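Protein chains in written order, with the numbering used here: chain A, 1 to 600; chain B, 1 to 376.
Hints were generated in silico from the structure; no laboratory data involved.
A couple of the hints might just be wrong.
[Claimed, not checked] A short list of chain A residues far from chain B (calculated; beta carbon distances all over 12 Å): (1) 30; (2) 48; (3) 88; (4) 132; (5) 149; (6) 219; (7) 245; (8) 457; (9) 511; (10) 555.
[What the hints assert, rightly or not] Here are the computed lysine-lysine pairs in the DSS-like style, where the Cα-Cα straight-line distance is at most 27 Å: (11) A:592 <-> A:380; (12) B:129 <-> A:577; (13) A:536 <-> B:117; (14) B:40 <-> A:380.
This structure is a prediction, so every number in the text was calculated from the model and none was measured.
Each residue gets a CB set at the ideal place from its N, CA and C atoms; glycine is no exception.
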Amino acid sequence: MSAHEDNHAHEAHDDHGHHHHKETFVTKYIFSQDHKMIAKQYLITGTIMGVIGVLMSMMFRMQIAWPEEPNVLFEALLGKWAPEGVMDADIYLALVTIHGTIMVFFVLTAGLSGTFSNLLIPLQIGARDMASGFLNMVSYWLFFLSSVIMVISLFVEAGPAAAGWTIYPPLSALPMAQGGSGMGMTLWLVSMAIFIASSLLGSLNYIVTVINLRTKGMSMTRLPLTIWAFFITAVIGVISFPVLLSAALLLIMDRSFGTSFFLSDIFIQGEVLHYQGGSPVLFEHLFWFLGHPEVYIVILPAMGLVSEIMASNSRKPIFGYRAMIASILAIAFLSTIVWGHHMFISGMNPFLGSVFTFTTLLIAIPSAVKAFNWITTLWKGNLQMNPAMLFSIGFVSTFITGGLTGIILGDSALDINVHDTYFVVAHFHLVMGISALYGMFAGIYHWYPKMFGRMLNKNLGYIHFWITAVCAYGVFFPMHFIGMAGLPRRYYTNSNFPLFDDLANVNVIITIFALVGGVVQIIYLYNFFSSIFYGKKAVQNPWKSTTLEWTTPVEHMHGNWPGDIPHVYRWAYDYSKPGHDVDFVPQNIPLKEGEEELQH
Amino acid sequence: MTTLLTIIVLIFILVAIWQIVKIFDLAQAKNENSQVATDKDNTINAYLMMGFLAFIYIITIVCFVKWGDLPLMSNSASEHGPKIDNLMIISMVLIFFVQTVTQFLLHYFAYKYKGEKGKKALFFADNNKLEFIWTIIPVIVLAGLIIYGLNTWINIMGVDESEDPLIVELYAQQFNWKARYGGDDNTLGKANVRLIDIDRANILGVDEADPNAQDDVITTELHLPVGKPVLFKMRSQDVLHSAYMPHFRAQMNCVPGMITQFGFTPTVTTAEMRQTQEIVDKVKNINKIRVEKSKDLVANGGEALEPYEFDYLLLCNKICGKSHYNMQMKIIVETQEEYDAWIKEQKTFKASMTNEAEVETLIEVTTTEVAETVTQ
């Protein structure tokens with residue numbers, strides 16, 4: 001019960017606070033401690049980073065399709081890195097590296113989790129704000145700082161980091177191995193270290209808030225699945241991000257102070273280096289100890305958003321609420337013991353490979369349960385095809401398509417052959433790139449009214465979804481096949497291998513889909529930015545949802561609810577419950593006399 | 001100047017698209033008074049869902065018909081290859097079965113249960129039996145796959161020294177490969193990058209004092225006798241590389257500071273492989289493409305491409321720097337006689353060293369200085 005008392009204490013303090021503080025432009029829009037503003041800051045920063053990341057992918061896709069051909073775009077955008085419009089091999093690798101880094105960390109971790117955890121945790125659990133508004137603000141500004149440093153790193157003399165987003169040493173450790181491993185890599189590491197600090201502050205805040213600040217009646221088993229997903233994501237983040245920080249720090253030591261954590265016996269550019277006794281394999285372990293949970297840090301929030309949106313738009317309870325929570329927990333647990341499947345052929349003991357194959361394939365079980373539960377949620381529903389719903393269905397579709405090929409990659413014997421080919425690229429883009437992006441879009445379309453008090457244009461949303469959906473499959477489906485033909489990833493051009501000449505036309509097709517898919521995002525950007533000012537005014541509960549965020553006023557206010565915080569009497573999924581006139585019963589409506597609560 | 005123009009044109013194009021979207025937006029603003037899906041929206045999108053299902057099926061079929069000739073699923077040239085290929089095919093069949101069924105259910109439900117005003121959804125929150133079924137089915141299927149997969153993996157990775165495999169070192173550096181054979185004694189001499197002496201052509205850092213090293217043979221082409229097990233010992237001198245030999249279903253990273261290994265038995269000689277129908281067709285197709293490309297090149301004053309002839313290849317498959325995309329070595333699988341004749345022609349390590357006179361003095365220095373760091 002102490003949790004609830006704390007909450008009231010917090011309330012009282014807050015009411016007190018907001019009568020006396022006068023909000024200035026700076027405290028309202030810039031150094032805001034309000035979770036809703038911070039969510040918007042995360043979203044807009046993430047969007048800008050996303051535009052940069054997508055532009056990069058469009059450029060290197062053009063290089064792959066039309067290798068070494070002069071391109072005015074390259075000349076204009078890459079400058080000295082594209083003499084006479086021909087892309088340089090170094091900058092190709094840099095584009096691939098920074099694209100990966102930006103999309104995984106800045107867009108799909110901070111942009112997705114940062115936005116929706118901040119927006120929804122206090123609103124859906126019934127809290128006035130995050131446990132610590134100040135830490136929350138610091139978390140955003142650290143993220144902003146790391147974004148700025150990452151962008152600055154694009155402009156350094158010898159080029160940005162170019163060792164792949166996994167930055168395996170020695171390539172990333174030795175400036176003489178690659179231009180990008182000089183100042184570019186230093187900035188990359190500094191940026192990531194700050195990013196990790198930001199992520200940890202955010203995660204701790206989310207965990208504390210969910211545990212302590214739930215409103216009266218909001219037991220853990222009445223939480224919407226979004227909150228469960230954000231909560232467990234934060235836990236995984238707290239467990240695994242520090243390990244990447246340690247890896248980054250040790251790499252900085254190796255690079256700058258001559259230690260040998262990851263380096264040994266190196267002869268490069270005509271000289272023997274002093275490094276002795278380190279191992280790059282150690283770095284791989286440390287990196288993937290974060291790197292694999294990271295893909296679940298990316299996908300779990302998307303799963304949470306999709307579960308919530310699907311239930312609301314199907315006008316049906318999410319099927320198997322308890323199984324959904326159990327599968328989130330199972331995925332979270334397994335995610336921390338499967339990292340070795342990225343390293344089957346790294347030179348580690350093959351016995352370890354066996355263990356990791358076993359644990360990896362187990363993840364398919366909770367994933368399958370989730371997919372079947374989503375499909376069953378649609379069954380006999382009354383589906384409202386809002387853009388958010390389309391993106392949610394799209395999410396399940398790409399998650400299945402991409403997830404299934406994981407059965408091949410997780411199998412060490414099969415991985416020997418498709419490791420680091422385009423098959424891998426296709427797999428992870430579908431299962432955690434496109435899927436998480438769909439989850440993010442679904443969330444934006446669904447909660448835009450809550451964020452900005454206005455509606456997005458639905459017809460633009462439909463066009464955005466359908467073209468994106470076709471392009472996503474058009475890009476990544478054929479990519480499996482060039483991977484199964486043995487084409488390695490991260491090749492600047494394939495023209496030195498006549499063996500792969502018959503795949504050149506596939507690459508052209510993929511690139512055309514990628515370019516179209518990239519350009520149509522302008523529709524979304526237009527919709528997003530113009531609706532902030534000109535969108536139709538939103539009503540309080542446009543989607544007729546049950547969760548608490550829709551009981552707050554449309555106009556944002558500090559503290560979220562004008563009066564008392566609503567109490568909660570039921571779970572989040574009372575849609576189309578028999579015995580009620582309307583097809584949704586919000587969580588703050590007390591049970592009718594004789595009404596049975598579905599206790600889960 | 002062109003840069004500026006390009007940027008301006010680019011900005012104009014973006015603004016144009018933005019304006020078109022805006023016109024669309026404004027044109028329909030009047031007759032729409034709700035941004036929430038109506039029954040009409042539900043119906044249109046429900047049909048589009050079925051259309052999208054058809055699109056997924058079509059793209060699957062097109063991909064298989066056009067690019068379904070997958071070298072990594074057929075045509076393996078090593079003893080363990082067919083085991084991997086079988087496992088791959090089983091996994092693929094399973095995946096496509098599940099993919100076809102689940103995508104159908106997802107999109108069909110999205111179509112079938114489209115929203116209508118006044119309709120009420122079924123309040124169906126839970127069914128333990130159903131959930132048990134779709135937990136237990138993946139458990140059983142995956143148990144089968146795990147057992148089969150691990151069996152294959154252990155089989156491949158287990159090195160059987162009793163078979164007396166041919167020992168070959170694969171040596172990676174930015175951006176080329178070398179192979180080192182053990183010579184008559186089939187034993188590699190000790191080596192460490194600290195022993196590299198470019199001036200005296202000891203490019204692999206082989207220990208000159210090691211008696212096993214004297215008959216080692218260093219080559220830039222990898223020749224393998226057919227039917228004989230070969231055990232590769234991988235080394236790298238600078239950054240991570242990965243020795244990828246797709247035709248043999250073989251791959252292992254080369255890691256500075258340690259020796260990794262991978263063994264297999266080649267079963268088809270290069271000459272035989274060139275004769276197989278699949279490769280004949282593939283080469284023909286590739287050469288057709290190359291002739292077309294050459295026409296363009298010649299028209300632009302360039303040189304025509306050489307016709308392609310099939311060869312096994314060793315590719316670098318771990319990002320290793322600027323010329324990663326061109327780090328390859330030809331692999332030639334031949335009969336034992338051809339191999340014996342070839343290896344006889346190669347210089348031994350001892351013979352390939354320059355400045356024989358200086359060797360004696362250097363040996364003393366190097367052995368004392370680096371005795372501890374030498375690895376094998």
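Consistency of the hints with the structure:
{"no.": "1", "hint": "30", "result": "holds, 27 Å"}
{"no.": "2", "hint": "48", "result": "holds, 15 Å"}
{"no.": "3", "hint": "88", "result": "violated, 9 Å"}
{"no.": "4", "hint": "132", "result": "holds, 35 Å"}
{"no.": "5", "hint": "149", "result": "holds, 23 Å"}
{"no.": "6", "hint": "219", "result": "holds, 17 Å"}
{"no.": "7", "hint": "245", "result": "holds, 22 Å"}
{"no.": "8", "hint": "457", "result": "violated, 6 Å"}
{"no.": "9", "hint": "511", "result": "holds, 16 Å"}
{"no.": "10", "hint": "555", "result": "holds, 18 Å"}
{"no.": "11", "hint": "A:592 <-> A:380", "result": "holds, 26 Å"}
{"no.": "12", "hint": "B:129 <-> A:577", "result": "holds, 22 Å"}
{"no.": "13", "hint": "A:536 <-> B:117", "result": "holds, 22 Å"}
{"no.": "14", "hint": "B:40 <-> A:380", "result": "holds, 19 Å"}
The earlier numbered hints that this structure contradicts are 3, 8.
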